[in-house]
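There are 4 protein chains.
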Amino acid sequence: MQIAMMGLGRMGGNMVRRLMRAGHECVVYDIDPKNIAALVSEGATGASSMQELVEKLNKPRHIWLMLPAAITGGVVKQLAALMEPGDTIIDGGNSNYRDAVDLGAELSAKGINFVDVGTSGGVHGLERGYCLMIGGPDQSVRELDPVFAALAPGGDENASGTVQRGYLHCGPSGAGHYVKMVHNGIEYGMMAAYAEGFNILKAANSGKQEREADAETTPLAEPHYYQFDMDVAQVAQVWRHGSVITSWLLDLTADALADDPSLSQFGGRVSDSGEGRWTVKAAIDTGVPAPVLSSALYSRFSSQGHSTYGDKLLSAMRLAFGGHFEKKD
Amino acid sequence: MQIAMMGLGRMGGNMVRRLMRAGHECVVYDIDPKNIAALVSEGATGASSMQELVEKLNKPRHIWLMLPAAITGGVVKQLAALMEPGDTIIDGGNSNYRDAVDLGAELSAKGINFVDVGTSGGVHGLERGYCLMIGGPDQSVRELDPVFAALAPGGDENASGTVQRGYLHCGPSGAGHYVKMVHNGIEYGMMAAYAEGFNILKAANSGKQEREADAETTPLAEPHYYQFDMDVAQVAQVWRHGSVITSWLLDLTADALADDPSLSQFGGRVSDSGEGRWTVKAAIDTGVPAPVLSSALYSRFSSQGHSTYGDKLLSAMRLAFGGHFEKKD
Amino acid sequence: MQIAMMGLGRMGGNMVRRLMRAGHECVVYDIDPKNIAALVSEGATGASSMQELVEKLNKPRHIWLMLPAAITGGVVKQLAALMEPGDTIIDGGNSNYRDAVDLGAELSAKGINFVDVGTSGGVHGLERGYCLMIGGPDQSVRELDPVFAALAPGGDENASGTVQRGYLHCGPSGAGHYVKMVHNGIEYGMMAAYAEGFNILKAANSGKQEREADAETTPLAEPHYYQFDMDVAQVAQVWRHGSVITSWLLDLTADALADDPSLSQFGGRVSDSGEGRWTVKAAIDTGVPAPVLSSALYSRFSSQGHSTYGDKLLSAMRLAFGGHFEKKD
Amino acid sequence: MQIAMMGLGRMGGNMVRRLMRAGHECVVYDIDPKNIAALVSEGATGASSMQELVEKLNKPRHIWLMLPAAITGGVVKQLAALMEPGDTIIDGGNSNYRDAVDLGAELSAKGINFVDVGTSGGVHGLERGYCLMIGGPDQSVRELDPVFAALAPGGDENASGTVQRGYLHCGPSGAGHYVKMVHNGIEYGMMAAYAEGFNILKAANSGKQEREADAETTPLAEPHYYQFDMDVAQVAQVWRHGSVITSWLLDLTADALADDPSLSQFGGRVSDSGEGRWTVKAAIDTGVPAPVLSSALYSRFSSQGHSTYGDKLLSAMRLAFGGHFEKKD
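Residue numbers (our numbering), protein chains in the order written: chain A, 1 to 329; chain B, 1 to 329; chain C, 1 to 329; chain D, 1 to 329.
Hints may contain errors.
Because identical chains share one entry, a pair is satisfied inside a single copy or across any pair of copies.
Said to hold, decoys possible - Straight-line C-alpha distance at most 27 Å; calculated DSS-like pairs for lysine-lysine:
no., residue 1, residue 2
1, K110, K328
2, K59, K77
3, K77, K328
4, K202, K327
5, K202, K328
6, K202, K59
7, K281, K110
8, K327, K59
Hints were generated in silico from the structure; no laboratory data involved.
The shape of chain A in the complex, shown without the other chains (with noise of 0.2 Å):
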């Protein structure tokens, strides 16, 4: 089928070669001349207007957004003013799921449908297929059935509903972002546990490290129990036959750590982008416990160097009723 695709970004960009590859006919536009051409090189159909691309389209028209979030909200109105009832608007970025809620609600007061999908896969989606957790009204989802089969990777014949072909209608409006947000929201737990976890295997060793022998350094009780020098990038991959913990995340790790067992080329700031964020709000307005997550989340503020100043008035308080000195580095 025909769908336009605006924002040509790494996934953007990806996911069009993943449709034209499935056959579909897909116009395209983005604010960099260069990613347009470089599609149409490619057998897309280049617009270089929104004007355009809405023109370029047959009715229904279905324009697939994949931008960043602060401006999604913005474009989708901007389009839906170009666009006629009976169309449209899929948002497959990582927007808040809150804005998706209420872009619905306004979009579908002028006739025109609104689309939140949430996308995983990341840069391996182009030949793995995309995750599509999918939120909006049913003729719209029904209509792009063929669009959200060829971004899949496959369904699946002993599943139900329309996760047999291998993608998700979760619900009205803001229901995809919303799975998508708390898929984000497992992925830094997950991420943190294999985290934590391996910074535990590295420091198998520290019975062997000499310690300083100062009060403000606590002595390792049993440095015999902790003699072991692990091969971390080993033990990654060994995790990948039969353990429990068998995951795509650990392939990854594993061939990360495979490449480059130091880890040399990273600092270790780690950034967060806004849908960790939102889950754990999501689980505080809703009640629900969220310890791992949560942590997860602040142990990334904290590699962006946010705990400074509350460390800064602990190390204050322990001069001042302890007479510690703040141990220098």
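With chain A held as given, fit chains B, C and D onto it using these hints.
Leaving out everything else, chains B, C and D in the frame of chain A:
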């Protein structure tokens, strides 16, 4: 090769089966004669006592134990008294790695080899193979290579070292159980990440629920953002298709939810079995932050009812400073 | 000076009493006439409606609200419609600071001043005084100085700014409730620190207890180190004498434990009342790690039963991969 | 009464002073003769060796040790060899309660009494008195009552048991250090609660700050709600006036912020000193959830740089699945 197995429960029995399928000769012993008889009927050689088990083996002997952690140490010492220099005892159970460090040193003084094998795979290991994390003397590990390779799920040509054969020799005595310990710590963290995420999904309809309007219940500020009736089982299914959080645990979770979407057979009391605790204690000894793994562990403690005294104290404080009477369920 | 109080519950009633003791003239209103009558009998002037409350006041009027957060916003708007430029409405309740930011802007457009006062002190405030954290226009805060000083516990000559008078003008509208919000967040954290600590003390006799010896119960490795029957109530008392953790909360805890050492009147369901949630959400918005405050909040959620679904899922996973049947209590 | 003190550092020296002020006769020893001389000049009797210290004492002897935990055990054994049945050794340092359990049993076999005294109060103890948490045999504790009462800040007529005299006999050997251990665990939790809260206050102006607009920085959704420039030092002051979170730690914090509002003398590396670790390990052994105390401990580990390897691994994963390059500071 010839290998003895002692402890023929869920794990030990299936490991014997997998070994026999690969052509190994298994001599088996268990305190329950029925368990011995069952494996004898499948081709194993039975022994009716530890003494007989030792006698039926060619030298150098290899005896693998799959016993509860609480009794493993004692049995190792009893067995060692019956064995000779050059023989090897393998502990494949969920023992504390510290016991392996100690036993390794103790047996080494008698010329007997001690090999600790962290064994992951659970009830699926028979078909899927077991992940083997091994500590102990090089000589024993080399001798046992055919056994390890048969138990493991298959090797990886692209890997290096013993992972080519599907298992990992992690280091000296204790290293295997240490890696298994951390594996289980990560397992707790991953499980909790999923559990929290699905719990948040389940609560996505909080805005539809009537809330009690009393001073002890926080109102939900924006109920219109929590109107989703998520089909949690379907979400688990779709996440298996191309998402970043695909994993074997997710596969099992999706299957469990497909079978029993309401999880009605469970009450929510989650046991913990030692490795999670030891992982966190190792993190603390070595000064490694482990907030995710710890949170996962504490959630289990709470599910077992161990928060109650502290919670009562919180209610007592709230009454004392604020006149808040505890809300009854 | 003359001041009106609307909302004569636990907090509002006692604040009127403390104000009258300091010689202030109080005009009072409540939806429950009995609450009005009680204070009239102690010297207050009663009003039988919002309208009458406004009419009985000299200009510029000052009306202080102590109402449930859920209705405060609506009442402020109703009152504002009855008042005139130069008048001031004070919200001393546990409202979200965001409402104060919004109301401050809205009322300011009409020339009416809005002052938000975070008020801590609970049922002891009548005698002990209230901690006042104030946001709003300078002019109103200055006008209200005698009222604030009377409610506060007494100033501090060595302090600077308004703390010399015992209260703090924290900034523009919303700043008072923001500071109060964080105050309560800290309160949750401190309370949880004590609760966890006392829970650990209580468990110091774990080594004396018979433990079930089943595969689902982790054995206690060194029971001889857990043989203490701690008198928790006495420990709370002695910590009041010179320890680093002396506090008013500890004083109250010690008294509560002295009165009811077994805490038998409590079941362990701990409510949370909004500020704790808002604090964590503010931490997340601003990227500040708040693991302690969040953990304290989540423990309350768990005590309210909101972990159960996730816990059932954990049991389902354990059954699926390990064949572990959930232990029944 | 006569009491010997060995270890005349920050704590031990001041305890001798407080004892002499109360009329007790102090015999003192330290490896640094200057520390002995200082106290001799204030009225103490000096000893130039352990042997001499023992010889200068009337029987039954009472020798109090204030030594680093790492050497206490060895010194106790050396001393015990010089002493006689009926004598008492007191360990007032920050030792692991497990050592006290073991030493108590060992010395008891020789007829020598071992008393462990958890001692809180820090550098302020000289004037404020020390909180004493005591484990050991009844007879020794009774003999030492005048010493304990002199060190304690004063008793409480309304209390029961030894708290009337200002100290607590908590139970047999080890009980004192166990209670002190938990005390410090709580201390970590309370300190972290304040530190997180003040950190959140400090960030209340996040909405005013220019944020980088890149894919690796989460935008602040509602900057108009984060426009407060909080005077954190003043907030600390006002919370001392009638709030629920008044405490001695808050008093010290407020003073520290008054002296150095920017905390410029600190870098944010927060040491931990053993008891926090032991508390969490005791919680884990006994199955008690301790998320707050653990989080407080882990924040310190992170401040010491021990998160870095795990953080690098997170960056490696993010690059692997999402093509996210780590943001440089």
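Hint check results:
no.: 1; hint: K110 <-> K328; in the structure: neither (63 Å within a copy, 45 Å between copies)
no.: 2; hint: K59 <-> K77; in the structure: within (19 Å within a copy, 48 Å between copies)
no.: 3; hint: K77 <-> K328; in the structure: neither (54 Å within a copy, 35 Å between copies)
no.: 4; hint: K202 <-> K327; in the structure: both (24 Å within a copy, 24 Å between copies)
no.: 5; hint: K202 <-> K328; in the structure: both (24 Å within a copy, 24 Å between copies)
no.: 6; hint: K202 <-> K59; in the structure: neither (59 Å within a copy, 37 Å between copies)
no.: 7; hint: K281 <-> K110; in the structure: neither (31 Å within a copy, 34 Å between copies)
no.: 8; hint: K327 <-> K59; in the structure: neither (69 Å within a copy, 43 Å between copies)
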